[in-house]
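Number of protein chains: 2
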Amino acid sequence: MGKQQGLTEKKEADFSEWYNQLVLKAELADYAPVRGFMVIRPNAYAIWEKIQTYFNSRISKMGVKNAYFPLLIPKSFFEKEAKHAQGFEPELAWIESTDKDVEEKVAIRPTSETIIYESYAKWIRSWRDLPYRLNQWCNILRWEVKQTKLFLRTREFLWQEGHCVYETEKGAEGEALKILDEYKGLCENKLAIPVISGEKTSLERFAGAKKTFTIEALMPDGKALQMGTSHNLGQGFAKGFGIEFLDKDGKKQVPWQNSWGFSTRLIGAVAMVHGDNKGLVLPPEIAENKLVVVPILFEKTKATILKKAKELSKKLSKFNPIFDDRDSYSAGWKFNEWELKGIPIRVEVGPKDIAKKQVVLVRRDTGEKAVVKESKLSAEVEKALKDIQSSMFKKAEQFLKANSTEAKTWPEFKKSIKEKKLVLSWFCDRPECEEAIKDETTATSRCIPFGQKKGNNKCIKCGQKAETKAWFGKSY
Amino acid sequence: MGKQQGLTEKKEADFSEWYNQLVLKAELADYAPVRGFMVIRPNAYAIWEKIQTYFNSRISKMGVKNAYFPLLIPKSFFEKEAKHAQGFEPELAWIESTDKDVEEKVAIRPTSETIIYESYAKWIRSWRDLPYRLNQWCNILRWEVKQTKLFLRTREFLWQEGHCVYETEKGAEGEALKILDEYKGLCENKLAIPVISGEKTSLERFAGAKKTFTIEALMPDGKALQMGTSHNLGQGFAKGFGIEFLDKDGKKQVPWQNSWGFSTRLIGAVAMVHGDNKGLVLPPEIAENKLVVVPILFEKTKATILKKAKELSKKLSKFNPIFDDRDSYSAGWKFNEWELKGIPIRVEVGPKDIAKKQVVLVRRDTGEKAVVKESKLSAEVEKALKDIQSSMFKKAEQFLKANSTEAKTWPEFKKSIKEKKLVLSWFCDRPECEEAIKDETTATSRCIPFGQKKGNNKCIKCGQKAETKAWFGKSY
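As you go down the protein sequences, you meet chains H and E in turn. Position 339 of the first sequence, counting from 1, maps to 668 under the working numbering, and the rest follow consecutively. Position 204 of the second sequence, counting from 1, maps to 533 under the working numbering, and the rest follow consecutively.
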């Protein structure tokens, strides 16, 4: 790898430029020819597949099954839930109707509540059908993206969206919260990104939902990122689409619903939170290849080294190692390349090591080198991977703690927001007040954290009655 | 399951109506509100996931990685390969440009050669980058579908599309053929559907390809179905999109390409080929749940039976069994439901059986019942699954053989086509002649089978020079 292939911007100097370089040079994504669109390259798609496999196994245990619903949604569907229609109208990409035999205008899905619930109205008949739980993995298009940021803000993105129907509100809300916990588990245990969780304010609620729950992470530039949301949809959509069921007494009832989703944005969060000035740093849990074996080749010992390195790779096969025996690149070039791409561990096999039946093990996260006996290599790799995973999480957790604070006065609030912190304060939860806070500070509410005792306090901004505290921060 | 829930049409009476009922009632798919679109329900999506998992593991061994490219393609891209543009123009769904800040018209992908190769032109630099092999799983939209047939002919469908770049034509064509073999393996070993393979005629070649290879299956109504294709794309796209690489001597060269795909249509083929008048019959290899355990409940022995049935289900967990302990349905209702849904094996646990430490094992494909000792259950299930898989394939193979024939004269040809057979004949491979055959018989060419010695014969239809034989048949 020539110097021009590595990152030329420092994370601490220009975060935004560093992130862009990282995404492009680690070959996670590329810009597409149509503005606002991106290509997800194999290095990032492999992360997405890891996330999919893990999450599928989790929701399958909850009784959720995968399905696939149409890309195109008729205009009238958006109008069946008034707030939903209003929320998504500006974001829709409509299909040209010239020469097409469509009776009605259709748009590409910005989310699939409407098209899915039309089917649910046909399929759900009885209490025996409930809970009815489906999820789909698909592409989504929201046109009104002003400024593209790879993974974080693109017109098209990939996501999962779960849509479930219950006899009671307790069922719907209970599982919406259970899913939020799953999201938290995914972020913390797999992506090594700590999150805060809570309910969205009135202003930030999903269009058409009764309550929206969220998990939020803090990026290194002090901006908050929504990592996943789940919604208690109440009965609004069910009423709009005519979903009904016969209860045990044979009476018609309107069910309760929830929906929930996370997107490929999570990949951007991983790059931002863990990346450094050498490139990507992948949490082992979501790394397709846990390690790379690099033979250190000299003319004389080449054959012996290659043989040994290959043999070691085979022994480490459960970690799905990359065996980099390419002739046309130097060892140093290879070190740089795999550091750029974030492979958690590098195993160097050189002539001196071979003689001593040992190898050099290098951690991507800290750069620490350790000499390891061949006989103990597999166990040491296992241990190192666990260490890397947990220390990456701890580091991110310390950052989150160091950059979260509580503000008791409006000047304190403004100061902390200016210092790029997440700020907790008493808040009235009035949309007008939240707009005012945004106008003055550019900060938006992130969530009203769970587990608060309702108080009788004064809003940090307007001084009106505030029952709960809320987190605020800048976002993308 | 009430009688109205089962199939009311016989496969041998009205195949098309039987198929529709099967797809809807086995809950494989449903019609969507927009004409030409479908919903893929969990029972079918689970089959798709099985296919994905299997195929991903195969191509991963070949060095193919998964990625994701944008849904929308600029107009000018379609024009860079002239024949490709011509082939797909009528099928495009364009995005309305009103109020959108698009400089250029964009359409939803009908296939992704163009948008992918634009990126390849940026990414591929050197012989070191080759072969360059990517695949994507995505949705595709082709508007010009006149009559919807669930899974087989819908405007939107899911598929995989592989796109690879090589230094030589030998590399590109060799792997196109290797992939075709993989497709054949998928169909025959997993879906239990025998196929014939060969090259497409000039008329049926993919728009922009130098050669198209195909596998074709015969459906029970005598119609042929294309199950997957791979293409030697030559250098046309590479030239159109400016893909170049520096060879080992530092000279600029134009690479060779292939592309290949199969779609959710395969699920329709499985339903057609194996289904019977009771419903779907799933080949065990692609069945999410290999068996269902149904306890036969009577008031007195209920608790004992449920306990035993649950215990057996646990012991059979590697077959991912459904344990149907629902209280609100009779055993007979359950038998019908799981037969409709095609679960390969039913295990009945009744009071008489329990006393004798045995259960009843029922094969879905033949309806055969066998009394099996509890102690041997797992081994017997294993054996039965293998038997079912191979006998389903053999049955389909016999049908294909019995309905394939060679014709030496034009009247013979017409007679066999009328008898709904696949017909092999000498063919000149002139598009005009193929059009004439189609006009007179409604049959189209399926493929020019591999492994033929080139002859010097006369075309079955026009009498002009024919070097090879080709398969013809009716199709959907």
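Treat the hints with care, since some could be wrong.
Identical chains share a label here; the pair holds if one copy fits it or two copies do between them.
Cross-link-like lysine to aspartate or glutamate pairs, in silico, DMTMM-like; alpha carbons within 20 Å at most [what the hints assert, rightly or not]:
(1) Lys723 <-> Glu338
(2) Lys803 <-> Asp768
(3) Lys724 <-> Glu496
(4) Lys702 <-> Glu517
(5) Lys580 <-> Glu356
(6) Lys394 <-> Glu378
(7) Lys513 <-> Glu764
(8) Lys647 <-> Glu711
(9) Lys404 <-> Glu425
(10) Lys581 <-> Glu761
(11) Lys394 <-> Asp359
(12) Lys581 <-> Glu425
(13) Lys379 <-> Glu517
(14) Lys434 <-> Glu473
(15) Lys782 <-> Glu769
(16) Lys434 <-> Glu420
(17) Lys390 <-> Glu378
(18) Lys644 <-> Asp656
(19) Lys412 <-> Glu677
For the record, the hints were derived by calculation from the structure and aren't laboratory data. In this text, all values refer to a predicted model and were calculated from it rather than measured experimentally.
We went through each hint and held it up to the structure:
In this assembly of identical chains, Lys723 and Glu338 lie within 20 Å of each other by CA distance neither inside one copy nor across copies; the values are 25 Å within and 63 Å between. Taking the shortest alpha-carbon separations for Lys803 and Asp768, only the intra-copy value of 12 Å comes in at or below 20 Å, while the best inter-copy value is 67 Å. Taking the closest pair of Cα atoms, Lys724 and Glu496 never come within 20 Å of each other, the shortest separation being 43 Å inside a single copy and 46 Å across copies. For the homomeric pair Lys702 and Glu517, neither the shortest alpha-carbon distance inside one copy (32 Å) nor that between copies (48 Å) is at most 20 Å.
Proximity of Lys580 to Glu356 under the C-alpha cut-off of 20 Å is found in neither arrangement, the shortest distances being 57 Å within a copy and 26 Å between copies. Proximity of Lys394 to Glu378 under the C-alpha cut-off of 20 Å is found in both arrangements, the shortest distances being 17 Å within a copy and 11 Å between copies. With identical chains, the CA atoms of Lys513 and Glu764 are never at most 20 Å apart, being 28 Å at best within one copy and 60 Å at best between copies. Taking the shortest alpha-carbon separations for Lys647 and Glu711, only the intra-copy value of 10 Å comes in at or below 20 Å, while the best inter-copy value is 27 Å.
In this assembly of identical chains, Lys404 and Glu425 lie within 20 Å of each other by CA distance both inside one copy and across copies; the values are 13 Å within and 14 Å between. In this homomeric assembly, Lys581 and Glu761 never come within 20 Å of each other (Cα to Cα): the closest approach is 40 Å inside a single copy and 62 Å across copies. Taking CA atoms no more than 20 Å apart as the test, Lys394 paired with Asp359 passes between copies only; the shortest distance there is 16 Å, against 32 Å inside one copy. Taking the shortest Cα distances, Lys581 and Glu425 never come within 20 Å of each other, neither inside one copy (40 Å) nor across copies (42 Å).
Taking identical chains as interchangeable, the C-alpha atoms of Lys379 and Glu517 lie at most 20 Å apart only when both belong to the same chain, with a minimum of 15 Å there against 29 Å between chains. In this homomeric assembly, Lys434 and Glu473 come within 20 Å of each other (Cα to Cα) both inside a single copy, at 19 Å, and across copies, at 17 Å. Taking the shortest alpha-carbon separations for Lys782 and Glu769, neither the intra-copy value of 29 Å nor the inter-copy value of 81 Å comes in at or below 20 Å. Proximity of Lys434 and Glu420 under a CA criterion of 20 Å is satisfied in both settings, with 15 Å inside one chain copy and 18 Å between copies.
In this assembly of identical chains, the alpha carbons of Lys390 and Glu378 lie at most 20 Å apart whether taken from the same copy (19 Å) or from different copies (17 Å). Taking the closest pair of Cα atoms, Lys644 and Asp656 never come within 20 Å of each other, the shortest separation being 22 Å inside a single copy and 52 Å across copies. When the C-alpha separation of Lys412 and Glu677 is checked against a cutoff of 20 Å, the pair qualifies neither within a copy, at 59 Å, nor between copies, at 51 Å.
Of the hints listed earlier, those the structure fails to meet are numbers 1, 3, 4, 5, 7, 10, 12, 15, 18, 19, in rising order.
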